[in-house]
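Undergrad: Here is what each chain is made of, one letter per residue.
2 protein chains.
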Amino acid sequence: MERKGLLIVVSGFAGSGKGTLMKRLVEDYEGYALSVSMTTRDPRPGEVYGREYFFVSKEEFERKIETGGLIEYASYVENYYGTPRDYVEEQMAAGKDVVLEIEIQGALKVKKRFPDAVLIFVLPPGVEELYRRLKNRGTETEDVIRKRMSRAREEAGAIGEYDYIVINDEIDKSVRTLHGLIEAAHQTTGRNEEFIRGIRNDLEQLWKGEK
Amino acid sequence: MERKGLLIVVSGFAGSGKGTLMKRLVEDYEGYALSVSMTTRDPRPGEVYGREYFFVSKEEFERKIETGGLIEYASYVENYYGTPRDYVEEQMAAGKDVVLEIEIQGALKVKKRFPDAVLIFVLPPGVEELYRRLKNRGTETEDVIRKRMSRAREEAGAIGEYDYIVINDEIDKSVRTLHGLIEAAHQTTGRNEEFIRGIRNDLEQLWKGEK
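Heads up: the sequence lines are chains A and B, in that order.
Each residue of the first sequence is one higher than the one before, counting from 432 in my numbering.
Each residue of the second sequence is one higher than the one before, counting from 432 in my numbering.
Hints are computed from structural coordinates only; laboratory data are not their basis.
There is no bait here: all hints are sound.
Since the list gives no way to pick one copy over another, a pair counts as held whenever it fits inside one copy or between any two copies.
Listed next, the in silico EDC-like pairs over lysine to aspartate or glutamate satisfying Cα-Cα at most 20 angstroms (straight line):
id: 1; residue 1: K604; residue 2: D459
id: 2; residue 1: K604; residue 2: E461
id: 3; residue 1: K566; residue 2: D633
id: 4; residue 1: K578; residue 2: E635
id: 5; residue 1: K604; residue 2: E614
id: 6; residue 1: K639; residue 2: E560
id: 7; residue 1: K639; residue 2: E586
id: 8; residue 1: K639; residue 2: E585
id: 9; residue 1: K604; residue 2: E458
id: 10; residue 1: K639; residue 2: D574
Given the sequences, and given the hints that come with them, work out the whole structure.
TA: Below, the structure written as structure tokens:
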């Protein structure tokens, strides 16, 4: 049976480890395509065009918006972030599950537009641990850490809008859990209407034949 | 984190292999409890009281109904079938996922009463295969096979009421799929409200402390 690709949206607090989780998902399992977002923010040291983000100018981003080339976009701290449509559609058509790592605003827009998308929120095992992780990065000032925690507080209210949570305590386990959730999403009756209809029709045909 | 037990309802056509699948699930994985139904039908050769069913008289079954001792019950071919409440509640309270193998009528009643129950429908890979399996049992007459196929045809209309399907083509794979679906069900946001509330409260507390 041919399997349709799903749109998988992953969000999580800064420090939840969602980035590492995504990377591992794509490395450990077949059948995934990781969507790369477009942004107008400047690359950080070590970031590569087309790997972390497509870094573009404000003008280029706005042209993309106007031509309907983005599935969703949002602005955050005076920069645009968005999901280019082409790649997502191509990969899904090829049967790949396309994973978008985007923030809540964007995730809810995607869900509205693609009700069949699977929304997954990655959580740290606890708030203490979240704080510890942000601190251990060593790259952020106290002020930035405070801002990220404040943002987590705001974001926490929207977790209920997601379909699933993954508690990211141990990366190997979390990757397996994440993959398992996506596998399960493929098994919902709603996503197998064609197969179910096929069985129903064949039973109907057999019944007619028997009479 | 302590995990609450879930109510897992499994149905499927006669010949879908759901019985074997249930047995393997409980053998291969920890944390499951298989509910044993009560029935007024006569035991078949080899069936054991308390293993396949609790075989009881019509009077005893009706007393059970009157005292509210059944989660659901239905009658089929002039016999009662039902799920004793005590065992299910005890096992769930102990954190076990309780698996009920019941037919569609009963499954829909359970879902109405326990909206949090997970409904899984086991399907053969195709109708031809279903027919072949029923024939290969060797225990059924042509007439019985025809009746089972006719019943499958009726049941097929209700598959959409279930949450998930498992296509039982290869037993080892199907058991893993089934287990994966149940694991995924534990990860829905709706089933983790307490944990999410905890994270939210802790972020709130931290925020107050920071100010």
